[in-house]
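Visitor: Dock chains B, C and D against chain A, hints included.
4 protein chains.
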Amino acid sequence: MSKTLKIVTIGGGSSYTPELIEGFILRKDELPIRELWLVDIEEGKEKLEIVGEMAKRMVKKAGLDWDIHLTLDRRAALKDADFVTTQFRVGLLDARIRDERLPLKYGMIGQETNGAGGMMKAFRTIPVILSIIEDMKELCPNAWLVNFTNPAGMITETAIKVGGWKKTVGLCNVPIGSFKSNHIVLGYPEDSDKLFHKYAGLNHFHWHKVWNECGDDVTEELIDRLYNPKSEWAGKVSEMKNIRKLPFNYEQVKELGVLPCGYHRYYYITEEMLRDELEDYKNHTTRAEVVKQTEKELFELYKDPALDYKPEQLTKRGGTHYSEAACELIASIYNDKRTVMVVSTQNNGTITDLPYDCIVEVSSVITGHGPEPFNWGSFKPCARGILQMMKSMEETVIKAGVNGDYDAALQAFTINPIVTSGETARTLLNEMLVANKDYLPQFETTIEKLIEEGVTYNPGDL
Amino acid sequence: MSKTLKIVTIGGGSSYTPELIEGFILRKDELPIRELWLVDIEEGKEKLEIVGEMAKRMVKKAGLDWDIHLTLDRRAALKDADFVTTQFRVGLLDARIRDERLPLKYGMIGQETNGAGGMMKAFRTIPVILSIIEDMKELCPNAWLVNFTNPAGMITETAIKVGGWKKTVGLCNVPIGSFKSNHIVLGYPEDSDKLFHKYAGLNHFHWHKVWNECGDDVTEELIDRLYNPKSEWAGKVSEMKNIRKLPFNYEQVKELGVLPCGYHRYYYITEEMLRDELEDYKNHTTRAEVVKQTEKELFELYKDPALDYKPEQLTKRGGTHYSEAACELIASIYNDKRTVMVVSTQNNGTITDLPYDCIVEVSSVITGHGPEPFNWGSFKPCARGILQMMKSMEETVIKAGVNGDYDAALQAFTINPIVTSGETARTLLNEMLVANKDYLPQFETTIEKLIEEGVTYNPGDL
Amino acid sequence: MSKTLKIVTIGGGSSYTPELIEGFILRKDELPIRELWLVDIEEGKEKLEIVGEMAKRMVKKAGLDWDIHLTLDRRAALKDADFVTTQFRVGLLDARIRDERLPLKYGMIGQETNGAGGMMKAFRTIPVILSIIEDMKELCPNAWLVNFTNPAGMITETAIKVGGWKKTVGLCNVPIGSFKSNHIVLGYPEDSDKLFHKYAGLNHFHWHKVWNECGDDVTEELIDRLYNPKSEWAGKVSEMKNIRKLPFNYEQVKELGVLPCGYHRYYYITEEMLRDELEDYKNHTTRAEVVKQTEKELFELYKDPALDYKPEQLTKRGGTHYSEAACELIASIYNDKRTVMVVSTQNNGTITDLPYDCIVEVSSVITGHGPEPFNWGSFKPCARGILQMMKSMEETVIKAGVNGDYDAALQAFTINPIVTSGETARTLLNEMLVANKDYLPQFETTIEKLIEEGVTYNPGDL
Amino acid sequence: MSKTLKIVTIGGGSSYTPELIEGFILRKDELPIRELWLVDIEEGKEKLEIVGEMAKRMVKKAGLDWDIHLTLDRRAALKDADFVTTQFRVGLLDARIRDERLPLKYGMIGQETNGAGGMMKAFRTIPVILSIIEDMKELCPNAWLVNFTNPAGMITETAIKVGGWKKTVGLCNVPIGSFKSNHIVLGYPEDSDKLFHKYAGLNHFHWHKVWNECGDDVTEELIDRLYNPKSEWAGKVSEMKNIRKLPFNYEQVKELGVLPCGYHRYYYITEEMLRDELEDYKNHTTRAEVVKQTEKELFELYKDPALDYKPEQLTKRGGTHYSEAACELIASIYNDKRTVMVVSTQNNGTITDLPYDCIVEVSSVITGHGPEPFNWGSFKPCARGILQMMKSMEETVIKAGVNGDYDAALQAFTINPIVTSGETARTLLNEMLVANKDYLPQFETTIEKLIEEGVTYNPGDL
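Residue numbers (the numbering used here), protein chains in the order written: chain A, 31 to 492; chain B, 31 to 492; chain C, 31 to 492; chain D, 31 to 492.
Be careful, since some hints might not be right.
A pair counts as met if it fits within one copy or between any two copies, since identical chains are not told apart.
Claimed, not checked - Calculated pairs, EDC-like style, for lysine to aspartate or glutamate (alpha carbon to alpha carbon, straight line, at most 20 Å):
no.: 1; residue 1: LYS367; residue 2: ASP223
no.: 2; residue 1: LYS275; residue 2: GLU309
no.: 3; residue 1: LYS135; residue 2: GLU302
no.: 4; residue 1: LYS224; residue 2: GLU60
no.: 5; residue 1: LYS429; residue 2: GLU281
Rather than coming from a laboratory, the hints here were simulated on the basis of the structure. From a predicted model like this one, the values you see are computed outputs, not experimental measurements.
In isolation and in its complexed conformation, chain A is listed as follows:
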């Protein structure tokens, strides 16, 4: 690998960028960074400049001589890159608002990663990630692609299986949260790493087991402490900022025998999650809307020419740890550090219940040649079946998203258990396609036909 590094961040105008910069600064001794390129698109130009200037201030304050480039020219940025990170959001937060509010309009949870919203986000993102890879093949054929654009699992699967970019790693911040909270709940200091965690599943749909340093399996004890309504911890500790802390069904989780992730709430306590989201829908306080407000405030802060460090408020944003994970991943690959991380990577039999060539999210040792996952094996039936169903949904979404295949899109909506199958699902899909028409080149003909047939999307209705 290169002696010095060129790192490129696509979607560099994101409010997360300061965390990323902070992460790189913290690892300045491990990462001989020469150039940092923050890339964005025309619509993101203003944000890019604000956050980019702040990044420069942070780097300067750290006494580092890194070249920070702010650009709209993706190809210039990619040229000879060593690492490319992706944190872009096609359609910006307004698209996320639609992803969440349109399903709620029809009484369904949107879920921007694996509900109807997430499927639509995949449709918007797939053409872009494939186009980035086309550029990378030409401009930086040896670079690593570190993806944390959601739905991270499906986008990583698209990059590897469709785009053929084997050196892609998908990242997620969810496991970091549960890793910390599990230590706390079992009485370890907050920054302890004594417990051995093993995660497996899909992005935003994984489970984990935990052992203590004596080799005892403490999974059951954790289930009891976290989810038994009689536990002193019940409802007090949460693994995630951006998901409601609604309690899981204790008996059901006990039967699982593995610890769920926060996103399992959408599937395991659908009723309660939907009820709360409908409340948010009414009050215009869906997660997307809250985040949009937070972001606005953050950018106001970032504008301050005196601000040269990551502000406290960013942690409220929800995606905290994402950038930390990205920086650690890059440092671990570059230095063959063999850190244990949870990443989206090729299955190759790690989870025997899933197709050999699909992408899974699993605990892995990060080496100089990428992730080496710990073998997981097979799940109990009760986790196995729903996992397999989610993977089949992902595969169908990718098929639809790559080919602009309406039949597959409707099929994916039908499979997804938080989308109610039937005519309303079709109505929702149609309206979402029309609402996203600017971002779905692959569905162009279909969308034209839908509009002809009278399908409309009226932002005012939302």
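Guide: Structure of chains B, C and D alone, referenced to chain A:
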């Protein structure tokens, strides 16, 4: 195998019995029947006598000297049996009414085979089938067990995997319906068998492919004729008497690439099915209630000492072809006839997407040593995932039903996509357990605890 | 499918052709043959004319108006064909003599189907079968390819996986022999078909289980009758004309629990087989040499302008039943007859121990759309491992044969248990490559290099 | 886990014990050892005392207060043990001499781990390991069993699958050798650990891949350096003390694409290995005979009351690193150190080509709860098939060894590619059974029958 046959029917007092008797009479040259035992329980005594007397009249009319035994003594019946067929319904039709109406009370489809109702029916049936097998081990260790008690797939899996009775075959009448309608839709005479059908999946959750006699795959054409809203056949032909003819989503079925079975409507067009069922709930015209009325009328007919043939009205009952299938299965085993039938049998890799040792419903050649399934292989992702999830639900139901495991029961409710996960699912499960307390010895302690905690079931509320 | 049939036989000058013609004549009511094309190459012209004239006499005698074409123009023959059968032998019998004698020269069994000889035969045949398929894609894109050129399994796998010709079926006569002998040994009339046979494995490396018409598994009884040295049948009944009747090791076969095929002798009693073959080597009575003599005699007979029927002597030739199998296969596909046959076809999970997409030889129902295999599942470890190893050898042979890959060829020799690994294996491979240089275009560069390095082949030494 | 440790070594009288003691002394800060029990049997009493006294001197010299117990009372030793290591050899080195020489007498490689010798060693060891486990269940139900008695893979599989002792880990010293030599060959310092090694396969039958710290896959380069006859390293570096350095076939290893282990020579260059071994047979210099002499000399050294450190000569013994591996494994489990080691452990899908529940030898992170293997996935066909065959042989050996099943034993001999199938294999098996009659209680009846039939073993003939 024996030179002459002793056949035992458990649940002999069923309204279906005349169809069974007719089936045996039609195969009198293939089946050297010596004794036919119709077994029932105390509560079914009256029906047993009515239908048993009619059976005797039918046999007499056919000029046959078979011994027809009507008995409540199951062990006497099982002694030295060659074939045992099971068509009993624990809790009678009143239990089915609860299976269907209780979920609807909470806004969910009951579905007496793979919804909340079906899971409860499994819980009631599992202890009985295991007890029958205990008797068989002692009294007729070489007999074949032909199960058509629903949920036929789960009961067959219980019999084989838990009970260890390898010589069990599960039967379903659904495929016979689609076999006939596919011929009609493609312009063949109604009784033609020119098309080659291959079915695979689970009981009430299978798909099929069809080829014509020239070797052309006509599956896509059938999908188009049956489900394209522009087809002349749309909504005109139905594979099942007891399921609404609501149209499938054409594009979604096209994407499947295989023909669904009628029961897939509960999963593929859940919204419409639920809407209709809620209407029935209001009008007290759920399927169970309609069947109860039909049965009452049938038994009035059966009482007629002049009636010595299967009355026309029985076909209305819905389960038509079941008994025909049972008789043909028995004849095919006894005579090594090698008829092609769709049966629930051991997977052993027939469907590679499912556990090796589970029970699947697949097209099989019925030989003297039982079913030899045609290999199926793997499904496309969109059918694969939901199939795997249903199997995981079945396995969890069986675990719960065998051990009286409440955690597993709640888990099964959580997995099932037509049960909305969350607090109401728990409420429903609890109420159903209490409502079925007379039939769930394995859940005795749990139910007592629930009652103590104030869970009640008031038949009047239904 | 066509109303009338054009059938093409590549390698039409074979001594087997009369059996094929007889087979077609016997099925004249099932097969509306219009044209029969016998194709051969320049070197086979004389034989083609002799056997072709005889074929014409046979057809004429049968009073049929089929057009018999004798041609060296393969493309003219393939044009609009409905069925193409392949029975060619690249390099003629002299190549087979080398396949058998060269390994023996180095103290190893040649085995023209799955020993060193068979691997070399595959190398010679692969370029030809792929070239036939190229022509078929252009000239008869809907034709079925019925392959009985050995090694039939590997050639079928090449045709389907490399050539992409899905409508290929591989045939073998071995199962017909054991089917007949098993009936005889259990006391059935010679032409009985009462027993249900299920075969699975690879071409010339399959096992089978047998049930009688009462459903009893009689496999163990057959093992005892055939292979127990104390049995009255021991050594008396043989399934194959062309393999020595050396007795299997009774205890070892008992442990298998399935019936081996004749070719398993090369692997299960290697010592005795080798000893006998070395004797033949010394006496110039290897199978290939015997067959060459038989063929010479057969062609003398065929020249007789009075001969218009298949002569008795052909059955001595060893490959009897091959052509019968081919004709029955064609009739079964054309008429959707659903005959049960043992064919080489796509695995798709039929044998779960082997790769999903490989070719296996299994009992199948032959339908209008080709073979529908009975599911087999998994073997006991003792059969499973050696089967998996043979498949890996086949895959490596195909890789070597398609790409002219020397490393893979040496690897295949190393894997094969009847080739002793080490320097002599390399010497043998090198000499065989040089000896076959006229037939191995894909290995051209390698062979040139070997010759340069001093590797020679002197036919006189053989 | 306990605050202080009781460690038990079965076969404590082994010449390796000083290495083990040294290993514990080196880890005195990691392992709070309280008691060390060296257990042996009556025949090993003298050696136990010699080596035991020396162990005491070593511990004393290190200034440690560990209690060293020398005992023939296995049950007393096992009581409350924390770790049990097994390094016993049933029948002592004389049995190994028979394991190696008897096959050579019949012209076959003996191979004391996976040839005929290894199978016989498994038969002798299986009853003992199962009896140790029976004691452990009663006396130390929480102990870890660290097995390095050969054939380590089969014995570990027996312990886990048959004995049900999940906390068993099998050890091998082979990977340590190749780890070191690979570093040297690529120009790293001898004690470097920069390269990332990933091993997978079975004990004495595994392959590995290697990456450097830049993430480059250097496997191909290593194959070239080690096995290309033109390489400067060719034949100069060897991974093993006790296996001849005969060169692999370069092209064949290139095709493998993974690095073989030393024992693969028996399978990949059988001819040369056999030739050399036959030479040794003639000269009475088989490995077993050499080792016996070395051991004799070692014990002479050990008797010296002044010797209180591991003598240089022990490294010549061949099994070097074994004890080091054992000590490191124990330290890693006790301290949850997460060292990467190559161990025999449960597959659970790590190698997808092998049965889920079998034992494999794979690179693993050693945690407080035991090995967590890195996922491997699937091998290329050329490694896959022979691996699957070896596993099937192991399973058949275990079946034979557990049940004293002669049919299975003969089957295992038939499967093994370095045993020539046929009558001589049977003769060899019979003679080996008789020669080992004192150590094969499970085969008692069979052996009696063989003796009656005239099978003899005359030590003088050897």
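Visitor: Which hint numbers does the structure go against, in order from smallest to largest?
Guide: No hint contradicted; all consistent.
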